[in-house]
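A.B. asks: Heads up: the sequence lines are chains A and B, in that order.
Using our numbering, you'd call the opening residue of the first sequence number 1 and step up by one each time.
Using our numbering, you'd call the opening residue of the second sequence number 1001 and step up by one each time.
Treat the hints with caution; some may be incorrect.
[As the list claims (entries may be wrong)] With the Cβ distance kept under 7 Å, some of the chain A side facing chain B (calculated, not the full set): (1) N53; (2) I91; (3) F214; (4) C218; (5) Q222; (6) E223.
In case anyone wonders, no lab produced these hints; they're calculated from the structure.
Keep in mind it's a predicted model, so treat the numbers as computed, not measured.
Beta carbons are placed, not taken as given, at the ideal position from N, Cα and C, and that holds for glycine.
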Amino acid sequence: MNKSSGYIDLGKHKGRLSLIGNDALDLLDRLTTNRITDLTNTGMGMGAVLTTNKGRIIDLLSVHVEEKGLMVLTSGNATEKVSDWIDFYTIMEDVQTENVSDQTFHFRVISPSSEIEILPDTTAIEPFHGVYSEIAGVESLVISVQVGNLSCIDLIGSAVNGDFIQSKLDDYLGRISFEEYDRFRINAGEPAYGSELTEDFNPLEAGLLPYISFNKGCYIGQEVVARLNTYDKVQRKLVKFEWDSEDPELSGKAIEDEDRVVGVMTSSLHGLGMGFIRKAKAEEGNTMTCDGVKITVVDILAS
Amino acid sequence: MTTTTPQPLNITISEDAAVHVKQFAAAEGKPEADLRVGVKGGGCSGLTYILDITDDGPGDNDKIIEENGVRLFVDKKSYIFLAGTVLEYSGGLNGKGFVFNNPNAKTTCGCGTSFSV
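The following block holds chain B by itself, in its conformation from the complex (with noise of 0.2 Å):
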């Protein structure tokens, strides 16, 4: 009999989220800068979102995810609700900006910046 290991849900983000995350650090003169992303309580349903620009550098308890030429970092109580997530870009007339696609939601507010566990 063999057995699977469940392997830890990552947090990942699209090429094109990386593509715009790199615009928008250029656009603020911080070229090298990487992205921090997080929950925090509040909004509508319960927890919202939090993406930053940042040079600042990890912090102690950061996990640091790389993809398509960005750093993500992580603080792990952010992690436990984000993990499985994929950072997407939706853009045009239509599109949202950057979008996350959370396994984890349960519900989300009618604007999509907040969510529930």
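So here's chain A without its partners, still in its complex pose (with noise of 0.2 Å):
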């Protein structure tokens, strides 16, 4: 894959929610880590993670202002859990909230929108924030997306004009499979539901700090997050390795050092992975070994 050009079908692989009632923004507010509250206008988006009581990881999500509600980004494999917790918690508001990832296209182009002529710059565009734009006549919603050090676009609108999009798009980029964004990804260093965001993790050891927020409030988790981070109570925290060999699969396995287990690796490809380990262990060049195999510390990914 060229890194500077291409795009993926994240249809299936995001999910999508609308949020609709005078209500959404203060129950997302008191259900996620980030202060949702100051999404005022019209096109402004955050990233924020829904957490259990515990503090641990649900998912981390996307939430953008659309003129008639909030559409919620999830991960796709995450959408029915994250709609059936906050149907659980809307008890008084006016919050109705809707699945709409089958009826909504969403495709991330992996490349700078000023080089491609029917999106429109979003250069100047905060990532998360973002603005309706007419695609080749087709309405949607255009989001700035930064994974890793790469700029992305995320174009979200009617499922019924996907195919027409994604025309376009061909005329100009090349499509990326699922396993080159997968690695993609991970070199990137982008935690990925069922990886790295489980409820086995917490959100300050998976490198998710710029989207909590410690001083909005109460939110579920939130006295647990808190106690880890003025006490500095993490015990782990996310890394990327490299290892010489391209075949090993190592997700899921044991990450040890002098024969001593000291963490696991939950994301790999190709000589490639991320994965917790002990905090202590945690610096750039230490040498480790996970199913026999030598693996290097590369990134430190949560600070």
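Fit chain to chain and form the complex, with the hints in mind.
C.D. replies: Rendered as structure tokens:
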């Protein structure tokens, strides 16, 4: 894959929830780690972690203000869980949650928008924020996304126009397979649902600090997350590994240092991986083993 | 053989709590007001208690409970999480004010204002 140009169809790999109602912002603010109530204008967006009352990760959400409500992007396999979670906590609030994943397209363009004439220029738009724009005549939400050091663009619109938009993107960009994208994701240090984003881990050890507000007030799991941060109680850190052999699939395997288990590999693909290891071992250049393979820490993803 | 039908768990308010509700209502200039009790999502543990003096009257989905001279309005979804709760008042220098003794609460947060079921 040429990392500077291509696109992937995230339609099945991401979920999209529509939240309508006067209390949608306030409810999401009470359920997630970030200050969602700061999203006051159409097009604004931010990342936020949905956490359990034990401060463990349910999913990393991307929340966007639409003209009629909120668009919440979830990890594809987490969509039903996230929707059920929001429904459970919708008690007296004026909030209607609908899974609109099948009614919407979602493409991610991995290329500067200025190089593709059918896309609006998003270079001045901060990550997570977006604009409504017509792409080849199709009304779409265009969101600025940062994956590692690369600026990307997410396009979301009505599914009836999905094939048409895809044909237009094909004129400019190559299609990226999910495996290619997964390698790109791991290389960029982006956590994924079911791998790094699980209830086995908390947002601080998973490197999700940018999505946490420590002065917004209460949300589910806040007490635990705040205590972990204040008293420096985070025990593990997410790090990126490299190893020489391209073949071994190491996801789910224990990471050992001098025959002691010090962590677990959570993502791996062709000599590149991410995993959680004890904080004391999380230093660039440290070597350890995973399933007999010598692996080297090349980046610390959690501060 | 005799069978007994389980009685639905009610929400009750202690005499002391009722006195303080009336005092707060009077202080707000609404001596005839009622008390809305409920829960909402949020708080460290998942659900947070709601307590409001109100003179809006009951809503269509409210249960109305009258005890110790105070009318409580509880919406039906909140009632699921509050059935069996006794609303009490803890006064004095170390007091916490209104306290929900909720048998459904499995855990509560440090400050006691939120709980999980």
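A.B. asks: Hint by hint, note whether the structure agrees.
C.D. replies: Quick rundown of the hints versus the structure:
1. Annotation: N53 of chain A was flagged as interfacial toward chain B, and the flag holds, the nearest CB pair being 5 Å apart, inside 7 Å.
2. Against a cut-off of 7 Å between C-beta atoms, the interface hint on I91 of chain A holds, since the closest Cβ of chain B lies about 5 Å away.
3. A distance limit of 7 Å between C-beta atoms decides the matter here; for F214 of chain A the minimum to chain B is near 13 Å, and the interface restraint is violated.
4. Given the 7 Å rule on beta carbons, the hint for C218 of chain A holds: about 5 Å separates it from the nearest Cβ of chain B.
5. Hint status for Q222 of chain A relative to chain B: holds, with the closest Cβ pair at about 5 Å, below 7 Å.
6. Look at E223 of chain A: its Cβ gets to within about 4 Å of chain B, closer than 7 Å, so that hint holds up.
The structure shown violates just one earlier hint, number 3.
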